[in-house]
Structure formats: C-alpha cells, structure tokens
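Visitor: Protein chains in written order, with the numbering used here: chain A, 1 to 657; chain B, 1 to 312; chain C, 1 to 308.
Hints may contain errors.
DMTMM-like, lysine to aspartate or glutamate: derived pairs with alpha carbons at most 25 Å apart [said to hold, decoys possible]:
no. : chain 1 : residue 1 : chain 2 : residue 2
1   : B       : 110       : A       : 260
2   : A       : 329       : A       : 260
3   : C       : 286       : B       : 252
4   : B       : 285       : B       : 252
5   : C       : 288       : B       : 252
In short, the hints are calculated from the structure, not lab data.
Please read these numbers as outputs of a predicted model, since none were measured by experiment.
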Amino acid sequence: MIDMDPSAPFDKRPDLPLLLAVALGPHVTWLPGWITVWCLGLWGFVLLAAHRGYRPPGRALRLILAGAGLAGVGLTYGHLRGMDAGVSMLAVLLGVKPLEITNIRDRMVTLFLAYFLVLSNLLEDTGLGMTLYLAAAVLWSLAVMIRMNHPDLTLVPALKRAGRMLVLAVPLTAALFVLFPRLPGGLFRLPDPAVRVIGFGEVVAPGDVGRLVQSGETAFRAEFEGPPPPFETLYWRGLVLWQYDGRAWRRSPVPGPGAEPIRKEAIHRYTITLEPHHRPWLFGLDRALGPPPGASYAGDHGLVSARDVHNQIRYTLTSALEYRTGPLKGWERRWGLGLPKEGNPRARDLAASWVADGRSPAGMVQAALDYFRNQPFFYTLDPPALGPDGVDDFLFTVRRGYCEHYASAFAFLMRSAGVPARVVVGYLGGERNPSGGYFIVRQADAHAWVEVAVNDEGWMRVDPTAAVAPQRVLRGVEAAVDEAPWRGFWTERRLGWVYPYWLQARWNWDRLGLFWTRTVLDYTYERQRSWLARMGLKTGTLADTMKNLVVGLAILGVTVAALTALIALRRRSPRQDPVREQYDRFARHAARLGPARPPAQGPRDYLSAFSRARPDLAPLARDITDTYIRLRYSPHGQPSDRKRLSRLVRTFGRIRR
Amino acid sequence: MTSRPSFGSFFLRRLPAWLDRRSGRPRVYILPTRPGWLFMLSLAGLLVGAVNYNNNLAFMLTFLLGSVLFVALHQTHGQLAGLSAGPVRAEPVFAGETAWFELALDLGGKERPVVTFRIEGGGETIVNLAPDDRNPVRLPLPATRRGVLRPSAVEFSSTFPLGLFRAWTRIPLAAEGLVYPHPVPGPGLPSAAFSGQGQGASGGRGVDDFKGIRGYIPGDSPKRIAWKASSRGGRMFTKEFEGQAGISPELDFHQVEGTDAEYKLSRLTYLLLQAWASGGSFGLKLPGRVIEPGQGRAHRDRCLEALARFGE
Amino acid sequence: MECRYQERFETVVDRISTVVLGKQPQIRLALTCLFAGGHLLIEDIPGIGKTTLASSLARVLGLGFRRVQFTSDLLPGDVLGVSVFEQKTAAFVFHPGPVFTQVLLADEINRATPKTQSALLEAMEERQVTVEGQTRPLPRPFFVIATQNPIEQSGTFPLPDSQMDRFLIRVDLGYPDRASERFLLELGETKSHLMRLETLLEPEEIGAVQAAAARVHAAPALVEYVLNLLEFTRNSPEFQVGLSPRAGLALLAAARTWAFLCGRDHALPEDVQAVLPYVVSHRLRKAKDFRELTADEAASLLARVPLP
C-alpha cells in the first residue's frame with residue numbers, strides 16, 4: 001500500500017472533498033443552510049491547509065467541532081430521529097472527517113461514508129436524473145480510489161479506468177437487480193417523524209392549495225390507453241374532505257368500501273406514475289371505478305394505498321367521466337350536511353334566503369354559481385388573509401381568492417341550504433407532453449372543487465372556480481393567473497426564441513425519464529414475480545427467490561468464467577505449436593520424475609540431464625526427444641512422427657514414479 | 001503485510017489460477033484488505049437501507065458497488081496473474097553495501113501499475129510496470145555479511161486498482177548474490193602476506209615515496225585519496241607510494257596477520273584489490289583452494305569469488 | 001543422416017591437440033570459424049600458443065601459412081604488397097604481400113596503426129586486394145587469425161567496434177591446464193611435432209565442407225530462437241547497443257557449421273548455445289562501464305532467453 005508523503009498531512013488533490021461535495025449536492029436544496037456552509041467551509045479549509053502546509057487540528061478540537069455540529073443539528077430539528085436529521089448529522093460529521101485524514105485507510109473510510117450520503121439522495125428522489133447522478137458519483141468515487149492507490153496517476157486515465165470498471169460491473173449489477181428478492185413494500189421501514197410531505201395533507205385550509213401551486217414539481221404522469229379525454233374534464237380526484245371546522249376542511253375515515261357507480265359512460269383506461277409524496281392517497285380521474293392492487297376504494301370513492309407512497313409507483317385505473325352514484329346512504333347525507341354550530345352568519349342568511357325562496361336543490365346550486373359569477377370576484381394566487389368568519393369575509397367583503405376559497409364557500413353555502421356537499425381536492429388539467437402523448441401533472445395544477453347531491457342520482461361535481469375563472473378549467477392554471485412562480489427562471493419572456501427548443505428538450509427528457517421508470521425503476525415485488533414467472537422460475541416464497549438469486553448468479557459466474565477462460569486460452573494458444581505443446585507436456589511430467597527443464601535449455605541438453613538422473617527412463621526420454629527434434633528442428637519430420645510423439649508422451653505421462 | 005495463505009484465499013482464488021497452474025505459473029493469492037472489509041461492511045449497510053426503503057435506485061447503487069468489488073477482485077488478481085519472472089541476477093558487492101537483484105519480468109504485454117516487490121530479507125520496492133519499459137526491476141537487499149546471498153523467494157503484491165483487495169504471489173528464486181569480504185586496509189603491505197620469496201625493491205604499494213595516482217578501490221585509506229584529482233571527475237583516485245613489496249605475490253590465508261578468519265579474508269580482499277590495481281599478477285591460497293597467479297579483471301573476480309565462498 | 005565428416009573432424013582436432021595441448025574447445029571453435037568462412041580473433045598474452053595453433057591448422061588442412069607481426073611502423077603495403085619498378089622490364093611489377101596466403105596469422109593486430117588495420121580488415125571482408133587501382137583476388141580459402149594482447153594498452157590502437165564485427169569468433173586461449181603444461185615442460189618444444197603433422201584434408205575439400213555447412217537446415221523454431229536472442233540484447237538495458245543483423249547472420253552461420261561438424265544436417269538450439277558466447281562477446285558492450293563482455297558473461301545471456 002502506498003502512503004502519501006508523510007510530511008504533508010493533507011492530500012493536496014481535491015479528489016475527496018469534491019466527492020463529498022457531489023454526495024452532498026442534491027441535499028443542499030433542503031438542508032439547513034448552515035450545514036452547507038459548514039461542510040464547504042471545512043473542506044475548503046482542508047484544501048487550503050494542504051497547499052499551505054498547515055498542521056491538522058488536534059483531536060480535541062476535532063471532537064469539539066463534531067460535538068458542536070451535532071448539537072447544531074439537534075437545535076435545528078429539536079430531535080435527532082428520522083431521515084432529515086440523520087442526513088444532517090452525517091453531513092456535519094463528514095464535514096469534520098477530512099480534518100483528521102492522514103492516511104489512505106482513513107481517506108477510504110471517508111469515501112465509504114460518502115456513499116451513504118449518496119444513498120440518502122436516492123431516497124429523496126428517483127428517476128433518470130438520479131440514476132445518472134448515481135452513476136456519476138460512483139464513477140468519480142472509483143477514480144478517487146484509484147488515485148489513492150496510484151498517486152502518480154492523472155485524472156483522465158483514472159477516470160478512464162474507473163469507467164472501464166463500471167462498464168464491467170454492469171452485467172452483474174443487472175443480474176443482481178433482477179434477481180435480488182423484492183418485498184411487498186418496505187419490510188421494516190423506520191418511522192420518520194419529519195418526512196417532508198409533498199402535495200396535499202389531511203387538512204386543507206384557505207391558502208394551502210395556493211401554496212402548492214408555487215411548486216413546479218411533478219405530482220404524477222398519466223398515460224392514456226387510446227385518445228385522452230378533453231382537457232376540461234381532467235379532474236384528478238384525490239382526497240374527499242368532509243369535516244368543516246369554520247376554517248379548514250378535513251378528511252374523515254370513511255366507513256366501508258365504495259360501491260361502483262350505477263351508471264358509467266365515457267370510460268378511459270390509463271396508467272399513473274405517481275411521484276413519492278409520503279402519504280397514502282392515490283389520484284385518479286374523476287371517477288375511478290375500482291382500486292389498483294394494493295389500495296382500497298373508500299366509501300367516498302377516494303383511493304387509499306395500503307402504505308404511504310415513499311417511492312415512485314405505477315398503477316393502472318379505469319375511470320368513467322360520466323357517472324351516477326345513486327341515492328346517498330344515511331351517513332353520507334348526515335356527514336354531507338355537517339356544519340359548526342356558529343360562525344359565518346351572513347352566509348347562513350344568504351342560504352336561508354334561498355331556502356325561503358323555495359328553490360330546489362339544483363336551483364340553489366345555480367343561485368350560488370350565479371352569485372359568484374355576478375358579484376365582483378377575482379381569481380388570484382395572492383388573496384388577503386381572512387378573519388374568524390372566513391366564509392363571510394370572502395363572500396361579502398374580500399371577494400378575492402383561489403380555488404379552495406371558492407370551493408370552501410360554495411360547500412358552506414350548500415350545507416347551510418340543506419344540500420349535501422363535500423370538498424374534493426386533487427389536480428386539474430396538466431401539461432400534455434407532445435413527445436410522448438402523456439400528461440405531466442404538476443403541483444401547480446392543484447385544485448379544489450365541490451361535490452353535491454341534488455337528487456337521487458347521487459354526488460355530482462360542481463366547480464365554482466369555473467364560474468369565476470373559466471379559463472382555469474379550459475386552458476389550465478397558467479391562463480388563469482398572471483404570475484407563474486413554478487416556472488422559475490425558465491419563462492418564455494426570458495428565454496425568447498430559445499424557449500421552444502428548451503420546451504422540446506424538457507419534454508424529451510421527461511419522456512426518457514418516464515421510459516426509464518417504466519422499464520427499470522418500477523421493478524416491484526409484483527413485477528419481479530410476474531417477470532420471473534414468465535422466465536419459468538418459481539417465486540412463491542422468499543426461499544424460492546433466494547434460490548433464484550443463487551442459481552442466477554451461479555449461471556452468470558459460470559458464463560463469465562467460461563468467457564475469461566476462452567479469452568485466456570485463445571490468447572495463449574496461437575503462439576503454441578502443437579509439437580511444442582507435446583514436448584512441454586513431457587517436460588512438465590519429467591519435472592515431477594526428475595530434474596526440471598530450465599526454460600532456456602535445449603532438448604538434447606535436457607535429455608542428458610534427465611537421463612543422468614533417471615537412467616531407467618532414459619530410452620523413452622531419448623525416443624521422445626529424438627522425435628521432437630525431428631519434427632521441430634530437422635527437415636525430416638513426418639506426419640507419422642506427430643502421432644508417435646503424442647503416443648510416446650502419453651506413455652511417459654502414465655509413469656508415476 | 002505478510003502473506004497469509006489461509007482458508008480465505010482458497011475461496012478467493014479464481015478460475016484463472018487453474019489456468020496458471022496448468023501453465024506452470026505460480027499461484028496468485030488474494031484477500032480483502034482492511035479497507036476492503038470495511039467496504040463490504042458499508043455495502044451491507046447500504047443494502048439494509050435499500051431494503052428498508054425498498055428503493056430501486058438504492059438497490060442499484062448497492063449492486064453496482066458490489067459488482068465493482070467483484071471487478072476489483074478480478075483486476076487485482078489480474079495485476080499479478082500471468083506475470084512471470086525471468087532469471088534474477090545480482091552484481092557482486094562488498095560486505096556492508098547493498099546488493100541489487102535485477103529481476104527480468106515478462107509482463108505478458110500488460111500494464112501493471114503499483115506492484116510491490118519484496119525480496120526476502122529486503123525492503124519493499126513499488127514499481128509501475130509498463131510493457132514498453134525496458135528496465136528490469138531492481139530490488140535491494142542489504143549485504144551485511146560476507147558470503148553468498150541466496151534469497152529464497154521474492155514476493156509480488158498489489159492492491160491496485162481500488163485497494164480493496166491485496167493479491168500476492170511468491171516466486172522462488174535460484175539467484176545468488178556474491179558478497180565479497182569488506183576490504184580492511186592495513187598499515188601497508190606486509191611482505192609476510194606473500195609466500196613468494198622474491199623481495200623486489202619497487203612495484204608494490206608502500207608508504208615511502210609518492211609514485212602516482214591510480215583508480216580508487218574500496219578499502220583504500222581515506223588519507224590516501226587524491227582529493228584534488230578526484231574532484232575533477234566522478235571517479236575517485238588514490239595516491240600511490242613506492243615501498244617494499246613482493247613481486248608476483250601469492251596471497252596466502254595463513255600468512256595474513258590476525259586470528260579471526262573473517263578478518264583475514266577482509267585483509268586478503270584489500271591486498272588482492274591492491275595487487276590487481278597495480279597491474280601485476282597475483283595468486284590466492286586459501287585452505288582447500290589455490291588459485292594460480294594470474295592477471296586481469298576476470299582473474300581478480302575469480303579470486304574475490306573464492307574469498308566470498310570461503311568456508312561454504 | 002549425413003555424417004561423413006564427423007570422424008574426420010574429430011581426427012583433425014586430435015591431431016592439432018597433440019601440438020596445441022589441452023585446447024580442444026578452442027580448436028573446435030577455430031575450425032568452426034574456418035568452415036563457416038569467418039575470421040578468428042584470439043585475445044591473450046604472448047607465449048600461449050597462438051602461432052602454433054594457426055600453423056598447425058594450416059598444416060593439417062594443407063593450407064599455405066604466413067605470419068605478420070604487427071608493429072606501429074608497419075605500413076599497409078607491408079601487408080598487402082607493393083608494385084616495384086623493375087629495371088629489367090622497365091615496368092611496375094606487383095610484389096604480393098604476406099596477405100596472399102590461405103592462413104594468415106596477424107600477430108598483435110592492435111599494435112598497427114588504424115590505417116594498416118583497416119587495410120587488412122578490408123581484405124578480410126572482400127577477399128581481394130586493391131593496390132594502385134588493380135584488384136587482385138586472394139587465394140581460397142582465406143582465413144585470418146588475428147591476435148590481441150588485452151593487458152598491454154600503451155602504444156596500441158584498439159580495434160573499433162565496427163572492425164571487431166568482422167571477426168566471426170573471438171576466443172581466448174588461456175593458460176594450459178596443469179597436466180598439459182607438465183606434459184609441455186617434460187616434452188619441451190612442440191615445434192618438432194608440428195613438422196610431423198600430416199595433411200588430413202585436401203584444399204578443395206575445404207570448399208565442399210564450407211558449402212555443405214551453409215546448407216544445414218535451420219528450422220523456423222531455431223530462427224525464432226536466434227531472433228529472440230537478438231531481441232533480448234537489444235531490449236536489455238544491460239548492453240550499450242544490441243547485436244547487429246550481421247551478428248545474427250554470424251551466429252546462425254556458426255551454429256550451422258557447428259551442427260555440421262557434429263554430424264547433423266539440422267541445427268539445434270544447443271548449437272547456437274555452443275557458439276554464442278564466442279560469437280557475441282566481442283560485439284556487445286556493457287552499458288555500465290562500456291566494457292566488452294567476457295565469454296562467460298555472454299553465456300549467462302543464454303540462461304535468460306527461453307527457447308521458443
């Protein structure tokens with residue numbers, strides 16, 4: 001093992017700090033800012049120290065630094081459990097670790113720890129981008145390791161060598177990936193108190209959806225089998241919110257599974273690739289006709305997965321765009337009319353006036369929509385704050401809000417008027433990727449609407465936003481609001497003529513990512529089972545899968561070994577004359593019986609050396625040597641001599657002592 | 001690190017070792033290094049993470065690193081597999097110097113960076129072997145005592161490329177490095193050392209009159225070194241003085257002063273070198289071995305070899 | 001197998017060694033050199049029997065023999081011959097020098113000036129002499145045995161490496177072994193024995209032997225071996241310069257002749273190994289101290305090149 005110049009305590013090359021930075025990189029977006037500063041500062045110091053020749057700080061100082069870092073993490077989070085705190089602790093410690101690096105072993109341990117940081121990135125986000133990140137991080141880490149073991153090697157040859165290793169590792173990686181047994185869901189996933197929830201929570205308060213819209217993150221992608229439905233019907237139904245507490249709407253555990261709608265038309269089948277949002281609910285086009293495997297179909301037709309969605313998942317659904325759910329059950333009617341005892345008196349008065357007018361339930365829906373349409377309501381992402389009687393403030397004074405304001409107020413009015421109503425949140429519309437023909441639905445497409453039951457036909461969708469901002473429904477969120485914060489820097493105004501190309505590139509990239517997910521990353525327990533079953537392998541139990549793994553790796557091993565052997569033999573054989581090979585066999589065996597032949601000794605000289613040691617075998621050895629010389633050195637060799645030689649060598653090979 | 005042909009190496013020796021055995025090449029053993037074990041431990045940790053979160057990218061990272069480990073095993077083994085050593089030579093040295101064993105290697109046309117060579121009893125030498133490099137590997141071995149250095153084996157090892165495994169192989173050596181006795185200068189050239197009776201007036205090395213300078217030979221007294229002449233070029237020169245000495249001397253073991261055989265051999269070495277440098281002919285008489293008087297470098301080397309091998 | 005000349009060759013060696021005592025290996029090499037059509041360089045101190053070897057060779061083979069003692073004042077004309085104006089015929093008449101013989105002993109060749117040396121070496125190479133524009137062929141066979149004293153260096157002109165290459169084989173005779181020397185001392189001068197040596201080979205037979213030796217089969221495997229040896233000297237850092245292609249030809253020719261004299265019609269690696277030390281030692285220099293190799297050192301080269 002090569003140790004570096006002992007007089008230089010730090011490695012001058014930026015290899016390892018750079019690797020640590022790569023491992024930390026994707027975390028920077030959510031890590032507390034001081035941790036990023038901490039890490040970059042300490043690594044920068046290490047590089048500076050290497051070039052200036054500073055001595056490494058003492059053990060005590062390092063311990064103090066590590067302790068301070070951990071304390072900082074504790075103060076920031078208030079606890080030290082869960083993924084975020086764990087990653088933060090690892091980052092803080094890896095910030096300190098290079099300060100003590102003096103030999104190659106320490107450096108390698110640091111490098112191994114960096115892999116855990118890389119792994120935690122992969123848990124945050126999956127997809128093609130992360131796959132490339134993974135490959136790049138591993139490539140760089142290998143180059144760093146190679147350079148640790150070969151300090152003279154420059155970067156490019158090291159990277160080349162690392163790349164070659166990586167390519168050679170791919171077949172085995174693929175085999176392990178396919179054969180390693182997957183489990184249905186995480187087996188013993190640790191509870192995480194601080195998982196960063198993306199998308200909707202159990203409670204939706206005014207302003208919540210507006211906040212979601214700030215994000216350009218993808219919520220899911222939907223690929224239709226056959227032509228997609230019209231844009232304005234793309235209501236991706238998510239949670240059904242029943243309980244209203246005067247401010248926010250809340251989901252309730254619904255008794256019993258949902259019944260199939262009694263009438264269903266305009267049926268579509270599609271597959272959704274849902275990004276992890278760490279909650280159990282799934283989204284489907286209004287209205288889904290049944291749950292995907294591993295999920296349940298609640299009484300309010302909400303789709304709920306058995307587990308929180310921590311990884312990208314794919315499921316296929318069938319939805320009917322036109323449906324009738326039939327008469328309401330008792331609890332539905334009861335829940336659909338529930339209101340707080342007090343609050344929002346003016347709204348209650350308005351609803352009471354409609355009742356007094358003797359309107360039918362359908363007429364009351366129409367009256368409410370007319371109210372929104374005729375009064376000066378504004379659709380805005382940036383509504384002012386509302387007081388304790390939020391619905392009253394919104395309906396009669398502020399009149400500015402986003403979809404959840406309208407939905408909330410509408411549902412309140414309906415319930416006050418005795419019409420069962422509930423708020424539904426999900427997404428509306430999406431971006432059609434022309435490159436793949438599928439829809440990209442972003443958090444920015446988040447939406448809230450209302451379902452009411454006006455007669456025995458059951459729940460019907462009513463979108464009060466459409467009354468205020470019909471363009472939101474018809475053309476999407478970008479058409480409805482002035483600002484588009486989720487676009488970030490990449491707006492048409494800034495990019496100018498580049499914009500179409502950029503858009504096209506983004507679409508292609510997204511499509512490639514979806515393809516990658518579909519073919520590789522979405523390799524689940526179920527897909528593994530069906531895939532292996534199609535290969536004729538039994539997958540019933542864990543033992544079966546383990547057996548597959550062992551057998552598969554054995555097959556791979558034998559294949560690789562056979563290839564290696566073949567290459568090795570082919571590399572050796574062409575130089576070897578068969579006559580010479582026979583003589584070598586003779587010489588090898590002769591070395592067991594008597595003196596060995598030095599590689600530079602001629603056949604006659606060896607014969608006399610061997611005969612002196614083994615006079616008993618001299619005649620046979622002489623016969624072999626003469627035949628060999630005749631074949632190899634004289635012009636008189638005959639084809640019969642070849643047979644003779646191999647016969648003699650075989651005879652000789654049978655001699656045991 | 002030393003070689004540990006333990007049970008682990010039995011499992012880790014790979015198929016090409018079988019080919020090597022067929023072709024009469026030495027076996028290459030391979031075991032994980034300490035970082036290698038730690039790497040495997042880290043892999044186990046990564047796998048637990050991947051299973052826990054059931055994350056396919058995490059699985060991919062783990063399996064990729066695991067496969068890289070396997071590739072590294074293969075490549076580290078390949079560093080030494082197919083490497084064969086030709087004959088080993090060592091130039092004779094005087095005791096107290098360092099003998100350099102020159103090892104001609106057949107690289108099999110392959111580049112083999114960072115290979116460590118350790119000759120038995122010597123230190124480690126790290127070499128980057130490249131196929132177009134024509135230099136043989138030179139391995140130092142301190143020659144402390146007169147005699148013949150017979151290192152029984154040379155050990156090659158390598159941890160390249162990743163340092164996760166260490167492959168090693170031992171190649172038995174049949175090399176001999178002659179170690180001549182360390183020349184011990186005396187107070188002049190005692191005529192007693194010459195059994196030849198002729199007492200010439202000049203021609204030998206004495207102390208009386210300055211005669212000229214000649215090339216330096218190991219063992220010359222530093223007082224006699226012609227520093228002025230030596231400073232001009234890379235070579236060292238020694239001042240010569242005319243004095244009493246024998247002609248065509250026969251250096252006789254029994255005639256040299258002293259009781260210790262090694263000391264006597266050292267003295268003989270010095271006298272022999274002086275006799276050679278003077279250009280005259282000289283012979284050597286050791287118990288059990290007589291070398292007739294002769295001249296020239298080859299003769300000198302023959303005599304020195306006899307001194308080195310004395311008592312063998 | 002053709003082995004007509006084998007006993008005869010042994011007889012020649014036997015006969016010569018009755019005069020040159022205890023030097024069978026050198027006699028064999030000298031004969032190999034002669035039959036391979038090359039020239040021989042003997043490096044040794046005076047009084048060791050070089051002249052005796054040369055003249056007994058000439059006598060046994062029935063060849064004409066001349067000896068030239070090289071000194072610093074020897075002129076090219078003294079070796080090659082001069083044209084002298086003759087009063088009687090009023091014309092220049094060429095008086096051939098001692099080079100016009102079949103076996104020429106050039107004693108202490110390194111004492112002559114480079115001019116004289118190169119005159120002789122040119123004659124050796126071309127087997128003809130050009131004096132004053134006229135070219136005269138030398139008798140056949142033409143075999144030069146040159147000697148050098150390696151010890152005495154003052155007043156000598158060492159042969160340049162390019163000229164050393166002209167000698168096929170270099171040997172040193174060395175002191176006779178004790179038994180031979182005792183024999184020598186008891187018997188006295190061996191010159192008288194020399195006179196009694198009878199001719200064993202006809203001059204025209206020598207040409208036939210040379211032709212037959214050149215036809216000895218060198219199999220591809222053997223040529224490969226010679227190539228490996230050449231390549232090794234070129235790649236090894238031990239040597240200042242590797243062997244030249246001419247050295248390769250010389251090695252193969254010497255090996256063929258050796259094989260022929262051993263009674264074989266094909267050359268073996270052993271034949272190459274037998275002659276190699278004497279064919280290459282004067283053509284290689286150590287990189288370390290520019291010293292020429294001894295035959296032993298050259299032989300050690302063999303151990304390092306495996307047979308193909």
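Visitor: None of the hints should be skipped; say for each whether it holds.
Guide: A quick look at each hint next to the structure:
no., hint, in the structure
1, 110(B) x 260(A), "violated (71 Å)"
2, 329(A) x 260(A), "holds (14 Å)"
3, 286(C) x 252(B), "violated (33 Å)"
4, 285(B) x 252(B), "holds (5 Å)"
5, 288(C) x 252(B), "violated (33 Å)"
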